[in-house]
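Order-wise, the sequence lines are chains A and B.
Take the first sequence: its position 54, counted from the start at 1, is 54 in this note's numbering, and no numbers get skipped.
Take the second sequence: its position 22, counted from the start at 1, is 22 in this note's numbering, and no numbers get skipped.
These are calculated hints, taken from the structure and not from any lab test.
Please note that the accuracy of each hint is not assured.
Below are the DSSO-like pairs computed for lysine-lysine, each with C-alpha atoms no more than 27 Å apart in a straight line [to be verified]:
#1 148/B / 43/A
#2 32/B / 212/B
#3 35/A / 32/B
#4 35/A / 212/B
#5 31/A / 162/B
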Amino acid sequence: MDIVNFLGPKLSALISKDVLPCKGLIRFAIKDAGKNPNSLTYKDINEIVNNELKIRLDQVNIPEIDQVILELNEILINNQSVFTMSIF
Amino acid sequence: MSIAEILQITVYTVRLIIAVALARYAIKTKGKNFWWLFGLYFTSGIFGLTDFILQIGNIFALSSGFRFICMVLFIHYTFYLDRNNPTLYFLIIYVIFGVIIIIFNVLFDFINPLEVYDTIASITQIIGNLIIFSWLIYSSFYAFRNVKNDDTVDDWVKMRYKLVILYSFIGIFTAIAYGTMTSTEINFYNILVFLATIVYQFTQLIAWVMPKFLRNFFNRHFMAHISSSKTIDELSEEEVIIKLGED
Numbered sequence: 001m002d003i004v005n006f007l008g009p010k011l012s013a014l015i016s017k018d019v020l021p022c023k024g025l026i027r028f029a030i031k032d033a034g035k036n037p038n039s040l041t042y043k044d045i046n047e048i049v050n051n052e053l054k055i056r057l058d059q060v061n062i063p064e065i066d067q068v069i070l071e072l073n074e075i076l077i078n079n080q081s082v083f084t085m086s087i088f
Numbered sequence: 001m002s003i004a005e006i007l008q009i010t011v012y013t014v015r016l017i018i019a020v021a022l023a024r025y026a027i028k029t030k031g032k033n034f035w036w037l038f039g040l041y042f043t044s045g046i047f048g049l050t051d052f053i054l055q056i057g058n059i060f061a062l063s064s065g066f067r068f069i070c071m072v073l074f075i076h077y078t079f080y081l082d083r084n085n086p087t088l089y090f091l092i093i094y095v096i097f098g099v100i101i102i103i104f105n106v107l108f109d110f111i112n113p114l115e116v117y118d119t120i121a122s123i124t125q126i127i128g129n130l131i132i133f134s135w136l137i138y139s140s141f142y143a144f145r146n147v148k149n150d151d152t153v154d155d156w157v158k159m160r161y162k163l164v165i166l167y168s169f170i171g172i173f174t175a176i177a178y179g180t181m182t183s184t185e186i187n188f189y190n191i192l193v194f195l196a197t198i199v200y201q202f203t204q205l206i207a208w209v210m211p212k213f214l215r216n217f218f219n220r221h222f223m224a225h226i227s228s229s230k231t232i233d234e235l236s237e238e239e240v241i242i243k244l245g246e247d
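With the hints as constraints, model all of the structure from the sequences given.
The structure is reproduced here in structure tokens:
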């Protein structure tokens, strides 16, 4: 399951920006966390969203970051089985 | 060897094959959910085969409670992290069910075998399966509904949800059928149960040990969509900052 592809459009809708830079931001956040994007667990993704991605969003001056992170968390919780089920 | 015996061996072997695949996923991702599912299939396969080889009877029943608990924890770690869940209640229920099954199906049967003890154990098994599979169907269905129209989720993952829902329904049917079966003679009902058992094992095998060619087949539309939408390369850090700064 490609987390960048999955979360990119959702982040884009939340902050009203293009999908491509949003995917880039998520890609860099994963890199900041020192994780391999191909073997992320639900917990890893949760931590990255609440830490590295939050910092990245702050660095590019996105308004109402806490609300964005809260909504991303909700999306993650509601769709957690996409990550816990998509192992092969 | 009778058809029923061949079926029994096949069922337990399939469960062990699934267990090996699940152990591989669990090691690869450190996913707790797959360890619990591994526990379910491995215990089921090993206890079933032991029961079949030794012919002592009731060895399989010993693991019932543990298998139910494995299933509860699999569902918990797959669908209910960081959200309200009924896991604790289910755990309590299945510890009680496990004890009832051991007492009536193993202990009492050993001390003083009476049909009523087997009936109580069978009813407990049926209710246990009905509850756990219903919870799995409910959880999978709602998770699937969330991603059904999401084109960023691989189609093979959506197919895994569907297969889990399908085998859970068949699981309820076979649990009731085996729990209420009165004879092993060949008749329409028993043939139906036999076929359901084969489909049940096959769907579980496909769901959890999905071979690569099948995964690619289920994913063919998703891959075509991804390839057609990949027109621009990944952006550099600088480009990301510039793009996000634009209104």
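Hints versus structure:
1. 148/B / 43/A: holds, 23 Å
2. 32/B / 212/B: Distance ~23 Å between residue 32/B and residue 212/B Cα, so the pair holds.
3. 35/A / 32/B: holds, 19 Å
4. 35/A / 212/B: holds, 25 Å
5. 31/A / 162/B: Given that 27 Å is the threshold and the Cα spacing comes to 34 Å, the pair is violated.
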